[in-house]
Amino acid sequence: MKDKSWILTAAGTLLLFVGIIASIHIGAKKIPLSDIYHGLFHYEGTLHDQLIRNVRLPRTVCAVLAGGMLAMTGTMMQGVLRNPVAEPTVLGVTQGATLAVSISSVSALAGGVYGNFFMALAGAAISGGMILLFTMKSAANQSISRILLAGTALSTFFLSLATVAALLGNRSQELAFWVAGGFRQAGWIQAAFLFAVGGSFSILALSLSGKINLISLGDEAATGLGVAPEKVKRKTVLCIIPICAVCVAAAGNIGFVGLFVPHIIRKLNGNDYRKLMPLSFLYGSVILVLADIAARTILAPYELPIGLFTACIGVPVFLWLVRKEKK
Amino acid sequence: MKKSKYKIAVLVCIVLLLLTVIISLMVGSYQMTPGEVIGTFLGNGDSMQRFTIYELRLPRVVLAVIVASALGVSGGVLQAVTRNPLSEPGMIGINAGAALFVVVWISAGTSAYYSELAASKAFFMPLLAIMGSLLTVAVIYLFSYKRGIRPVRFILTGVGVNAGITAVISFYQLNMSKGDYNQVLTWTNGSLWGSSWHYIIITLPLILVLIFFILFRSKVLDVLALGDELAMGVGVSLQREVLFFLILSSCLAAIATSVAGNIAFLGLLGPQIAKRLAGPSHRKMLPLSAGVSAVILVAADTAARNLFSPIEIPVGIIVSIVGVPYFIYIMLKGK
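Protein chains in written order, with the numbering used here: chain A, 3 to 329; chain B, 7 to 341.
It is worth saying that the hints were derived from the structure and are not from the lab. It is possible that some hints are incorrect.
Said to hold, decoys possible - In silico BS3-like cross-links for lysine-lysine, where the CA-CA straight-line distance does not exceed 30 angstroms:
1) A:K269 to B:K152
2) A:K326 to A:K277
3) B:K339 to A:K237
4) A:K277 to A:K237
5) A:K277 to A:K233
6) A:K326 to B:K152
7) A:K233 to B:K152
Chain A with its partners taken away, still in its complex shape:
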């Protein structure tokens, strides 16, 4: 296959740029383009400047980072588990984080943004660890249907417990927003968390991409080429867990981004994870920025859950993948 990664990078960057500008431009109050430039580079404290700096920009940054990270973790999971439908929300990793966040928001256990983040980390670690244990217990458990059923069961379980917590705290509708995902609460603190924690682990993850390439060929092939498959898998999951945790703490439980983005890139540019992972990051950002604009504007002044839009693309892709699968 001809290497189209430069074209894809250029096109993706352009799309992302347009998406970011549009995301700042569109909203309850339309901000003209000249004011956007002014607000970004010559801050003077006018209404538009404040709107841009304190509301639109942090939200857009969060969407860019969370979208990219979710798409990239999905890519990594698909490679390591050799499973085309693997993805953090499908496997229940983000639901574990959601449960922890809902407990912390109902009780006084660990409140605030920092509390939410650490609770999400604990939840994601537990559910991610369970999935890892499950796939490593026997080779049969790596079959697509078994992982998927286990993941679905785990997510039902975590969401059930989260619902109990929310019902008891009379917060159930807020929980539903959390489950469906969205950037309503996104501010600079969330963006900073995403950037610092998510960013550093993403760089770590990118450094693993060469090894994921080998794992995706099969455990035997990887061992033959001098890479210990179990070690790489463990490292990958250890990278995925904190990334998922910051994403859930910032934006809730956004499904399916990590499922369909890598597959589209794969179709266009082949299976090399060293290019697949950064490109998935780029296009994941594009998708979530656009989905966030749609979520804010379609039923304005109400906000739709962003997960609805990602599911619209994600479910058909999922069905198509299952249909294609031979075993």
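Following the hints, complete the assembly by docking chain B onto the known chain A.
Same frame as chain A, but now just chain B:
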């Protein structure tokens, strides 16, 4: 030897069911002793006791038994047809499809709470739920059909469809006011809140007919469970029978969902336990599965009502909190 074991299992199941039913009638915000419950049945209760039993608790318990039997049989049939011990109407979207139609119906037609729906509307709900779940099954069937139906593909497609439908339901839920939302939430997670004799009159005959129909043809299920080649070898026209049983089992799940909401994992627990007690014969296994599911649901409903009283937890959540660890245990143990 084998036969007597089955008889003991049935006997134990009946005793357990009676016990859970009596406990469920006793406890609540108005406590009664076992003697008072039995006395009320014999006609000796005062008006307070009669009202509590006949108008509030008994319809709820009876409905729980009906719903649980439907889901237990439906899960058992589905597991035989897909030859996968993990398939269950809740996981592959059949319940969600039924729930979607009912949620749209409730939110489109009225602003009243579930309990205040007129009897004529309540009568429509099972029909609507059946339409929703049959449509879901049709969608799953179409998407997974590729030179015949393969069980694994059927289930995976179902999981995907389930995720999609859940997203659409959440869209409807988020547009509701907070009070309505809590109501619908308890309902989409499965709840027997607001049960009345109306629902029993509507659902009981339908479910009895369907279960008898399935039991009448249970020999075919035994053969289907053996595998495609063997089933065709003994002259079963495979695709037609599979379709037939899929429709029956989704009808059962739909009727249950229409009155009790989306109760997941019950269709998994009941048949699994029953299979262990009764062996592979579906004529024996399915009735026992109905009984086991009924015990579980009545017990879970009692817990759901009383655990955090006065707040009621959706019974479906209690069932899945119990069911998921068991589900994972089966998966870890299976080959």
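Against the structure, the hints come out as follows:
1. A:K269 to B:K152: Satisfied, since the Cα-Cα distance of roughly 22 angstroms is no more than 30 angstroms.
2. A:K326 to A:K277: Answer holds: K326 of chain A to K277 of chain A is near 24 angstroms, not above 30 angstroms.
3. B:K339 to A:K237: Since the Cα atoms of K339 of chain B and K237 of chain A sit roughly 27 angstroms apart, the hinted pair holds (cutoff 30 angstroms).
4. A:K277 to A:K237: 19 angstroms, holds
5. A:K277 to A:K233: 22 angstroms, holds
6. A:K326 to B:K152: The hint holds at about 10 angstroms.
7. A:K233 to B:K152: Answer violated: K233 of chain A to K152 of chain B is near 39 angstroms, above 30 angstroms.
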